[in-house]
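S.K.: Sequence order for the protein chains is W and B. Quick note: the first sequence uses our numbering, first residue 332, plus one each step. Quick note: the second sequence uses our numbering, first residue 15, plus one each step.
What the hints contain is simulated information worked out from the structure, not anything from laboratory work. Just so you know, not all the hints are guaranteed correct.
[Said to hold, decoys possible] FRET-style restraints, in silico, Cβ to Cβ:
hint	chain 1	residue 1	chain 2	residue 2	range
1	W	Thr401	B	Tyr335	30 to 40 Å
2	W	Glu494	B	Leu384	35 to 45 Å
3	W	Ile425	B	Leu384	43 to 53 Å
4	B	Leu384	W	Val369	28 to 38 Å
5	B	Met77	W	Thr401	48 to 58 Å
6	W	Asp473	B	Thr166	19 to 29 Å
7	W	Phe366	B	Lys502	47 to 57 Å
8	B	Ile447	W	Cys376	45 to 55 Å
9	B	Thr166	W	Pro442	20 to 30 Å
10	B	Ala341	W	Cys376	20 to 30 Å
11	B	Phe144	W	Asp446	34 to 44 Å
12	B	Gly324	W	Gly480	29 to 39 Å
13	W	Ile488	B	Gly324	24 to 34 Å
14	W	Ala386	B	Ala341	33 to 43 Å
Where is the CB? At the ideal position from N, CA and C, for every residue including glycine.
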Amino acid sequence: MNSNSSKPDDLSGSKPKNTALKLVIAAVAMFGFGFALVPLYDVFCELTGINGKTAGPVERVEQWVDTSRTITVQFITTNNAGMPWEFEALQEEIEMHPGAWTQVNFWALNPTANDMVGQAVPSVSPSEAAEYVQKTECFCFDQQTLKAGEGRKMPLIFSLDPELPAHVKKVTMSYTLFDAGAFAK
Amino acid sequence: MTTATASHDDHGHHGPAKGIMRWVLTTNHKDIGTMYLWFSFAMLLTGGVMALIVRAELFQPGMQLIRPEFYNQMTTMHGLIMVFGAIMPAFVGLANWMVPLMIGAPDMALPRMNNWSFWILPFAFGMLLFTLFTEAGAPNFGWTFYAPLSTTYAPSSVTYFIFGVHMMGISSIMGAINIIVTILNLRAPGMTLMKMPLFVWTWFITAYLLVAVMPVLAGVVTMMLMDIHYGTAFFDAAGGGDPVLFQHVFWFFGHPEVYIMILPAFGIVSQIIPTFARKPLFGYASMVYATSSIAFLSFIVWAHHMFTVGLPLQTELFFMYATMLIAIPTGVKVFNWVSTMFRGSMTFETPMLFALAFVVLFTIGGFSGLMLSIAPADFQYHDTYFVVAHFHYVLVPGALFGIIAGVYYWLPKWTGHYYNENLGKFHFWMSFIGVNITFFPMHFIGLAGMPRRIPDYALQFADFNAIATVGAFIFGFSQLIFLFLLIKTIRGGEKATDQVWEGAEGLEWTIPSPAPYHTFAEPPHVK
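Could you put together the complete structure from these sequences and hints?
M.R.: Written as structure tokens, this is what we have:
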């Protein structure tokens with residue numbers, strides 16, 4: 332270190348250039364890291380179970396049904412700003428036992444004169460219940476395309492894992508509908 | 015530097031070139047430092063005018079002077095210009111001037127890159143400011159530019175904003191690399207790391223923070239650019255993205271950024287207080303370790319800006335406790351400054367007054383920060399004027415007073431003249447009174463529930479808002495005293511000695527005043 336800076340001529344030496352090069356590489360790597368954060372946040376939240384998101388389709392397995400307790404499940408639908416569809420849950424609230432498979436239907440109608448693509452984004456409250464929600468079928472897994480004036484009944488088939496913590500008595504499943512025209516597949 | 019001196023050998027050792035091209039082509043750390051400081055002063059006044067427009071509108075409830083759309087542009091531009099245009103370049107300017115002088119180096123290690131990193135800035139801010147005159151208007155989504163406000167609902171000028179941020183980011187990264195390379199390679203013989211002055215140490219750590227997080231900022235604005243123009247959906251839930259992701263990535267940059275804006279000020283104050291207390295700094299090594307701890311902790315506290323977005327309980331607790339931990343190294347620093355003064359032979363020249371105000375008022379800002387770190391309480395404080403009061407207390411009497419203290423402290427070394435002490439004290443007292451009248455009432459209206467970033471407010475907040483506006487105008491116009499004093503000192507004044515201040519110690523006080531154009535061509539030996 333000190334030997335290198337004994338003369339100002341050492342400015343042209345390779346050591347400053349090496350330091351600078353390492354720092355440039357570090358900066359470029361951090362630019363990449365910024366993008367890597369996008370999947371990393373998901374991975375981290377999945378590992379720690381703090382995601383609050385429900386998993387994609389699961390295989391239907393017949394499982395132990397905990398008839399000793401009954402959970403109230405509420406369904407909430409919201410339209411994102413500017414989304415003109417009618418969108419509602421056909422049952423607002425159901426009672427179910429953990430482990431039992433249940434089907435709930437939702438209704439969507441495109442009242443406009445144009446064909447449109449919608450995407451529902453799910454959310455579960457309390458968020459600690461999210462990892463216990465098992466869905467075999469959900470309209471939120473795919474984009475929904477509705478022609479002008481077309482309406483559709485959309486199913487959700489799910490159960491609650493019997494391991495659901497005992498203090499959870501009520502689960503709210505919320506769906507927000509977005510205009511996904513810009514992202515139509 | 016060798017290449018630079020070789021090509022300029024004909025005049026290299028006699029002084030600067032003549033005319034405007036001296037400033038365009040210069041690779042001299044003192045010239046570049048001066049340009050950085052004047053640029054940031056110009057931006058301080060520009061951002062200050064915007065703040066005064068905001069305060070003038072808030073003088074009374076109801077809309078009096080400007081339209082709400084323009085109000086949003088003013089708050090956004092005020093924040094962006096003060097953070098990226100005033101505070102950060104001022105610190106880089108001070109580093110350019112003082113780091114080589116403090117470690118006994120002949121210049122910065124990468125002088126040509128130094129020139130480039132400065133000259134990018136006027137173009138970056140030119141591009142940002144020019145959006146004010148476009149039909150779409152300037153960015154209006156707040157300096158934190160949360161998606162989807164800054165993507166789906168952004169004015170078309172957002173693209174200029176993105177490129178402006180890219181350019182100022184590149185400038186900051188190059189400046190930081192230059193500072194690290196200089197400190198690691200150009201220290202005079204005997205100047206070991208643990209003998210470096212604290213201003214050098216704090217900048218060394220700050221530069222690492224810059225290299226680590228400015229690229230993440232570049233990444234997040236690039237994602238915005240792709241969402242806006244190339245159909246990706248990083249932040250758009252309709253396409254599978256997540257607007258909360260924006261806040262996570264932004265604050266991963268944003269929290270280290272707030273330490274980037276305060277650590278060099280810690281360094282400046284740690285130079286000034288020992289000089290005017292005529293005692294060595296108390297707890298030098300603990301200062302270095304405290305600064306490093308703050309820098310490390312800054313990477314794991316970002317979500318305390320997001321307590322109300324719906325984080326799970328464990329996450330709230332983690333970020334709450336991690337944030338509170340920062341109070342420990344910060345407390346060590348405040349303790350050391352106070353202990354340095356304890357039983358010292360103190361005198362109260364202008365730099366010392368600003369440094370003392372820094373210690374007191376920054377601590378107030380630190381305490382309100384501690385209040386905000388309490389997650390359950392933050393639900394009440396979030397997005398209110400309490401937050402505005404908090405971060406202005408750490409940034410104005412914190413970062414800005416630190417910079418002003420440094421300018422007063424080193425001004426005789428730069429210009430060769432003492433400034434007018436009475437005028438300096440007048441500037442200090444006007445600033446000190448103005449800053450407190452402006453920001454202290456904001457604590458109260460914030461706790462009472464006045465939201466930030468809204469151009470109108472309920473009647474019960476009227477009195478405190480009127481007081482804050484009066485304070486803002488006192489503070490703003492006091493900076494013209496500073497401008498007058500600077501010009502007066504550059505043009506003449508009492509001749510400064512080499513040591514300048516009776517109690518000053520360090521290599522920068524061994525060279526003549528004003529500092530010659532080239533210094534330490536022969537490295538000094540540090541015992």
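S.K.: Taking the earlier hints as the rules, which of them does this structure contradict?
M.R.: Every hint satisfied by this model.
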